[in-house]
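Here is what each chain is made of, one letter per residue.
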Amino acid sequence: MNITKEARYLLDRYMLAFTRKIPISSRKDIVTELRSSIYDTLEGSYGDTLIEEPQMESLLNDLGAPGALAGSYNQDQRLIGSDIFPFFRMVVLIVWTVLSVIALIQIGMALTMGDPKGILMQFAQLFSSLTSSLGAMVIAFYLLQRFGKHIDWNKEIYEDWTIRDLPEIDRREPIKRWEQIVTICFTIIFIAVVNLFAHRIGIYYSIGEGYQFIPILKEGFYQILPVISVRWAFTAVVAAILLIHREERLGTSIFIIILSCVDIAIAAVFLKRGLDTFFDFEVLNEPAVEALNPLKALTPMFKGLVTALFILIIALTVYEIIKKIIEIVKYPAEV
Amino acid sequence: MNSKDSKLIEKLMSEHRRGSLTLVVLTLLTESHYGYALIHRMQEAGLTLSQDTVYPLLRRLEQQELLESEWIVDESRPRKYYKTSSLGRSILGQLQSEWLEYTDIIRGIIA
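In the order they appear, the protein sequences are chains A and B. Residues in the first sequence are numbered consecutively from 222, following my numbering. Residues in the second sequence are numbered consecutively from 24, following my numbering.
If we strip away everything but chain A, and leave its shape as in the complex, we get:
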């Protein structure tokens, strides 16, 4: 059976919209079966003729709104009816994601500060907040369903649906093999250099014929270094996974989000403990280093810049987490 590029694209858009509404656990099975069935139907209706956009559009219109079709697979929910269930699931997803990200940052901070009691407390609080928020949402949606009977929840996904509403296909760049190899190599080099030569990072200046050295990193940095190293080792692990799969699967995306939360936690620990705990800014005021004299006045500004850099890292990481979550929801893996 031959299908034009345009017709196939239309089908892919339909499948994407359908996939978003299907439970992850049975997604692969349901989606493969539906796609296979669509091809069978096309073959049954049009034989060996070339399938063009109008034929595909007609078949997809017969199938109905992707949301409605997906809803027919989700009829087991009783407390929250299938009409309202997609909205309920969306709200639960948003609330739970926000709670989990906050908890992961707090757990990361407790981990970085070597506070095992704090880690356990955060896990307990996460469990408690997830269950209590779910309970509250179930009650809210139950009441909404009970007293909002006049609302036609499915109007949009059943009646107002047209084929032109289908979402666009993911246009993200495919995973490049060389990028992952470079990431793995540089990450390993970075970890090795920082761990083996951290004590050599500082300011070198000459006195007479010899060199003097003032370290920049303080004891606090060496305490947090194992956590940073493990965190960076996981970057290499992610790159290796991407290299093997050549695509970003759901598990990998979630893993990247968790790593981003750890990044925020580490940056937050730097700011909370104070940058002076980790870096020796007073090195710039070292009287022996004459070459630094012009920079002495800039010491407070330099410290401010480093603080701003950490705040920027946190802000950018939060942005990346939000972007990643939107990608997961917008472009779910079909298989």
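The hints are simulated quantities; they were obtained by calculation from the structure and are not laboratory data. Incorrect hints may have been included.
To be verified - A few chain B positions that, by computed beta-carbon distances, are all more than 12 Å from chain A:
(1) Glu98
(2) Tyr125
(3) Ile128
What the hints assert, rightly or not - Pairs of lysine to aspartate or glutamate residues, derived as EDC-like cross-links and limited to a Cα-Cα distance of at most 16 Å, are as follows:
(4) Lys103/B - Asp304/A
(5) Lys34/B - Asp304/A
(6) Lys249/A - Glu93/B
(7) Lys103/B - Glu54/B
(8) Lys103/B - Asp261/A
What the hints assert, rightly or not - Listed below are several chain B residues computed to face chain A (Cβ distance under 8 Å; list not exhaustive):
(9) Gly58
(10) Tyr59
(11) Gln74
(12) Tyr78
(13) Pro79
(14) Asp97
(15) Arg100
(16) Pro101
(17) Arg102
(18) Lys103
(19) Lys106
Cβ coordinates follow ideal geometry from the N, Cα and C atoms, glycine included.
Place chain B on chain A using the hints.
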């Protein structure tokens, strides 16, 4: 008849069909079929059903272990074949006789 009435009738008919569909599917799947072929087979018998009715039902019956399935990937495309399981077959006879008895009663009432 206005559209509200026809919607109601459609809904009632759909509920009515849903009850009997399990029996139809379990009976037809004593021979192995994939979804599209099953829909086609039902169509030949005069029962026109859409994919959004049949596929979710197949999944439900499979979860209840009344059907067993197998993916066959050596055809032109991967296809999931369903067959009534031994549990399904063991209750099918009883379902069929209950159904015949039930339709006799209903026929007696509405005649």
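For each hint, the structure was consulted:
Not every CB of chain A lies more than 12 Å from the CB of Glu98/B, the least distance being 9 Å, so the non-interface label is violated. Residue placement check: Tyr125/B keeps its beta carbon more than 12 Å from all beta carbons of chain A (closest about 24 Å). Even its closest Cβ contact with chain A, about 28 Å, leaves Ile128/B beyond 12 Å, as expected for a residue assigned away from the interface. About 28 Å separates the Cα atoms of Lys103/B and Asp304/A, which puts this hinted pair outside 16 Å; it is violated.
Among the hinted pairs, Lys34/B with Asp304/A is consistent with the structure: their alpha-carbon atoms are about 14 Å apart, no more than 16 Å. Proposed proximity of Lys249/A and Glu93/B is supported: the alpha carbons are some 14 Å apart, at most 16 Å. For a cut-off of 16 Å, the pair hint linking Lys103/B to Glu54/B stands: about 14 Å separates their Cα positions. Between Lys103/B and Asp261/A the alpha-carbon distance is near 12 Å, which keeps this suggested pair within the 16 Å criterion.
The closest approach between the C-beta of Gly58/B and any C-beta of chain A is roughly 5 Å, which is under the 8 Å cut-off, so the hint is satisfied. Interface hint at Tyr59/B: satisfied, since its Cβ lies 4 Å from the closest Cβ of chain A, which is below the 8 Å cut-off. With its C-beta approaching chain A no nearer than about 6 Å, Gln74/B sits inside the 8 Å limit, and its interface hint holds. Nearest Cβ of chain A to the Cβ of Tyr78/B: about 7 Å, under the 8 Å cut. The hint holds.
Against a cut-off of 8 Å between C-beta atoms, the interface hint on Pro79/B holds, since the closest Cβ of chain A lies about 5 Å away. Against a cut-off of 8 Å between C-beta atoms, the interface hint on Asp97/B is violated, since the closest Cβ of chain A lies about 13 Å away. Below 8 Å, beta-carbon pairs count as interface contacts, and Arg100/B has one with chain A at about 5 Å; its hint therefore holds. For Pro101/B, the interface hint holds, the least distance from its beta-carbon to any beta-carbon of chain A being 6 Å, beneath 8 Å.
Among the interface hints, the one on Arg102/B holds; its C-beta lies about 6 Å from the nearest C-beta in chain A, closer than the 8 Å criterion. The beta carbon of Lys103/B is positioned within 8 Å of a beta carbon in chain A (closest approach about 5 Å), and the interface hint is therefore held. A least Cβ separation of about 15 Å between Lys106/B and chain A goes past the 8 Å threshold, and the interface hint is therefore violated.
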